[in-house]
Amino acid sequence: GIQVEQSPPDLILQEGANSTLRCNFSDSVNNLQWFHQNPWGQLINLFYIPSGTKQNGRLSATTVATERYSLLYISSSQTTDSGVYFCAVTTSGTYKYIFGTGTRLKVLA
Amino acid sequence: EADIYQTPRYLVIGTGKKITLECSQTMGHDKMYWYQQDPGMELHLIHYSYGVNSTEKGDLSSESTVSRIRTEHFPLTLESARPSHTSQYLCASSRFSAHTYNEQFFGPGTRLTVL
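Top line first, the protein sequences correspond to chains W and X.
Its first residue numbered 1, the first sequence is counted upward by one per residue in our numbering.
Its first residue numbered 110, the second sequence is counted upward by one per residue in our numbering.
Wrong hints could be hidden among the right ones.
[What the hints assert, rightly or not] Partial list, computed: chain W residues near chain X (C-beta under 10 Å):
{"id": "1", "residue": "Gly-1"}
{"id": "2", "residue": "Tyr-48"}
{"id": "3", "residue": "Tyr-69"}
{"id": "4", "residue": "Leu-71"}
{"id": "5", "residue": "Gly-102"}
[As the list claims (entries may be wrong)] The following residues of chain X were derived to be distant from chain W, with all beta-carbon distances above 10 Å:
{"id": "6", "residue": "Leu-120"}
{"id": "7", "residue": "Lys-127"}
{"id": "8", "residue": "Gly-149"}
{"id": "9", "residue": "Glu-151"}
{"id": "10", "residue": "Leu-187"}
{"id": "11", "residue": "Thr-195"}
{"id": "12", "residue": "Ser-203"}
{"id": "13", "residue": "Phe-215"}
[To be verified] Quick partial rundown of chain X residues pointing at chain W, CB under 8 Å, derived from the structure:
{"id": "14", "residue": "Asp-112"}
{"id": "15", "residue": "Tyr-114"}
{"id": "16", "residue": "Val-161"}
Keep in mind that the hints were calculated from the coordinates and are not lab data.
Small disclaimer: the values here were computed from a predicted structure and weren't measured.
Glycine included, every Cβ here is placed at the ideal spot set by N, Cα and C.
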């Protein structure tokens, strides 16, 4: 089955810094989402982005489906950005999402 | 407001007890999912349903069972809880549309501890 790998696995930033999170997948996908899991365990939808580029405030995401990767950009990070970031994908013929291994982000004040 | 709900949010229970984790959504979604997650780790699909009376096992083997009698309701049951079942259980739903294809939305989760 498809493999979904995220990097880096762990990231520590000073408040105000920028960062790029990466999601690589081993096969073609027809669906891709980015989530933020807050310290209370809630998964928050960030982007639905099977291809192209989207922006929402300080966050933006780009998916290059032909090269099998997606990037999540966080600018001017804040302590509330701390948590775990997951990408999740589906492949053709299924509605089941496969989740990546996650990037654990800690933003220091 | 359309949303997805899970109860209880936290549950501490003794070994051997039968438990049911509730999941309901008011989003009009036909697809529903249960994931199991250890703290800070990746999510593993344990059950899914594409509609009423449709249930399938996911990629991670689980001793739990599910039912889908109503579109909006997807409960998960453990007949005899064991310490190895201690984990967070997350419910999600989605609906195909021409615009979002199959975007998933998650409930707040249930943290289960079996003593």
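Outcome of the hint check:
Because the beta carbon of W/Gly-1 sits about 8 Å from the nearest beta carbon in chain X, less than 10 Å, this interface hint is met. Proximity of W/Tyr-48 to chain X holds as hinted, the smallest CB-CB distance being about 5 Å (cut-off 10 Å). For W/Tyr-69, the suggested interface contact is broken, since its CB lies about 18 Å from the closest CB of chain X, more than 10 Å. Here the hint on W/Leu-71 is broken, as its CB sits about 19 Å from the closest CB of chain X, past 10 Å.
Hint on W/Gly-102 holds. Least Cβ distance to chain X is approximately 6 Å, under the 10 Å limit. Residue placement check: X/Leu-120 keeps its beta carbon more than 10 Å from all beta carbons of chain W (closest about 14 Å). Chain W leaves X/Lys-127 outside its interface by the beta-carbon criterion, the shortest separation being 24 Å against a cut-off of 10 Å. Some Cβ of chain W comes within 10 Å of the Cβ of X/Gly-149; the nearest lies about 6 Å off, and the non-interface call is violated.
Its beta-carbon lying about 5 Å from the closest one in chain W, X/Glu-151 breaks the requirement of being farther than 10 Å from that chain. Taking the minimum C-beta to C-beta distance to chain W, about 19 Å, the non-interface status of X/Leu-187 holds against the 10 Å cut. With a cut of 10 Å on Cβ distances, X/Thr-195 stays outside the contact zone with chain W, its closest approach being about 14 Å. Residue-level check failed: X/Ser-203 sits 7 Å from the nearest beta carbon of chain W, not beyond 10 Å.
A Cβ of chain W approaches the Cβ of X/Phe-215 within 10 Å, the least distance being about 4 Å, so the stated non-interface status is violated. A least Cβ separation of about 12 Å between X/Asp-112 and chain W goes past the 8 Å threshold, and the interface hint is therefore violated. Among the interface hints, the one on X/Tyr-114 is violated; its C-beta lies about 12 Å from the nearest C-beta in chain W, farther than the 8 Å criterion. Hint on X/Val-161 is violated. Least Cβ distance to chain W is approximately 16 Å, over the 8 Å limit.
Taken one by one, the earlier hints fail for this structure at numbers 3, 4, 8, 9, 12, 13, 14, 15 and 16, listed in ascending order.
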